[in-house]
Amino acid sequence: MDINTIIKPENLVYKRTECLTDRTLSYCPGCGHGVIHRIAMEVVEELGIQQDTIGVASVGCSVLAYDFMDIDMTQSPHGRATAVATGIKRCWPDKFVFTYQGDGDLAAIGTAETIHTCNRGENITIIFVNNGIYGMTGGQMAPTTLPGMRSSTSPYGRDVELMGNPIKMTELVAQLPGTYYATRQSVHKPANVRKAKMAIKKAFENQRLKKGTSIVEIVSNCNSGWKMTPVESNKWMEENMFPFYPLGDIKVDGQLVTKQ
Amino acid sequence: MGELKLMKGNEAVAEAAIRAGADAYFGYPITPQSEVMEYLALQQPHKRTGMVLLQAESEIAAINMVYGAASTGKRAFTSSSSPGISLKQEGISYMAGAELPCLILNVVRGGPGLGTIQPSQADYFQSTKGGGHGDYHLIVLAPASVQEMSDFVKLGFELAEKYRNPAMILSDGVIGQMMEKVELFEQQPRKTAFNEPWMVTGKSNNREKRVVTSLDLDPVKMEKHNYDLIEKYKTIREKEVRFEEIQCDDAEYILVAYGSSARICQKAVELAREEGIKVGLFRPITLYPFPEKAIGMLAQRVKGFLSVELSAGQMVEDVRLAVNGKVPVSHYGRLGGMIHSPEQVLCAIHEFLVR
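From first to last, the protein sequence lines are chains A and B. So the first sequence is numbered by my numbering: it starts at 1 and just counts up by one. So the second sequence is numbered by my numbering: it starts at 1001 and just counts up by one.
The hints are simulated quantities; they were obtained by calculation from the structure and are not laboratory data. Check before you lean on any hint, since a few could be wrong.
Computed footprint of chain A on chain B, listed as stretches where at least three residues anywhere in the stretch have a Cβ under 8 Å from a Cβ of chain A [said to hold, decoys possible]:
#1 1051-1063
#2 1068-1077
#3 1203-1215
#4 1253-1266
It should be emphasised that the depicted structure is a prediction, and the values quoted were computed from it without experimental measurement. A virtual CB, placed ideally from N, CA and C, is assigned to each residue, including glycine.
The whole structure should be built from the sequences, with the hints applied where relevant.
Structure follows, in structure tokens:
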């Protein structure tokens, strides 16, 4: 069989979404950001909203998200992504506006902005990548760093007596009336990637229906910051991160999910 | 003639913003400027013009909402007073870096810290020299009347958009709180077509994506960006200097004062002239760009300058640079929320100028 008889549109099973640029990702090999970028942009493509979508890049590893996503984007100051998104959304209520933030951005310096944006029910989508560490600045402790977890500023492990407790931001903002949808996902296995993508799609569809704030937390790895191989870090994530940050829906259609 | 009204300075700003076709206001209450948002809330600008009004959870959030709105090409503004403006500096630096237009009103109060709620001009350095991190400048307008509070809103938006740079109205508790007659300009339509190539509006099929950012990790590119900004500020310094000269033609001595200080100095000039002292008043209207050439010209024919400010001596540094040692330059100021009387300025004229 000639190869040209195989390469035909009807035989195409997978391709790079057109909502991603051709730029080489700047993320460490094994990091979840690349997959999360891809599924977010696949959702934008599948919903056919590329020309109506404005993204807000935050500060941290994903600061250059606008290099990889082929959509209009505004880069925001550290922690202020949801405030910037509020300004955009209030002026363009019919555009799809999303933020792409890490745990340092959303759960530390931007805590106030996150809580108040959700409480106002700002009709945006928040994609919250939680890897429990500050990746870009070199592996320092994050507000989401687990008890006992090592980082460059908790080199003997996070001592909650001294350093306080990790914060579960998604559970916290799920309590607010303006939060319509809150879920926690991961992208470490194909099945989880599909679930995470469905969650992001739901979050964007909520925007179309003007339902309020949707937050999709994605627990991810940071093999560089955690000082592990990608495979080790995914295993460590399953064994340590997921028990503390359990995967699954927290609030759906404005109703808190009751765990059995 | 436009519509005449008796208004507070803060109210005049709010009314002027609606009439200037502003798209959005994001703010956070702080004395002595809270009337701006209160007036807007009462006016329901979303009904009058479709303008967005939102009380943010903090000054930091407010300026970043402005940043977001401005990145889409909308005419956005915010207002605050000294401690709040300090919080906004992060966002202002980002907007200067990303070259976004916006209007910021600072109704200055005494500091440092929480200070007082009384008028002051001690935010001069912060307003004219950058204020946030990095090499940048705002376009700074200093109103001396309620009329100018209204007029400078329109001017401020226009200059901000012309140069894609944040503009600031540097007012103070006197101008913000006092009531005067103001002639309001006609309602302008809000701009509805947004098509400048820098505006983030959603990537349509026939164009490249757009990004608003102040980041470039390549220092070579970042240096070029900084040089481009410097070129822009140079153009602003050449083309946008505004000032007023009052009785300077025959003056032997010059008071330099802006805003509420200039109002007080105008009376002091009268008092001095009654004594036969030939004093004039030079009032910078733009504090950045500072009218250095005009002051330099005056320095060639007068005997001395006195910078009269509600600060410990901030603008006096720019006056000294402009005078460049040709004649003596002194400073007279009241601090921490106190204001000088015309008689006190007259005493200062005797003490520092006529010896």
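Problem set entry | Unsatisfied constraints (hint numbers, rising) | 4
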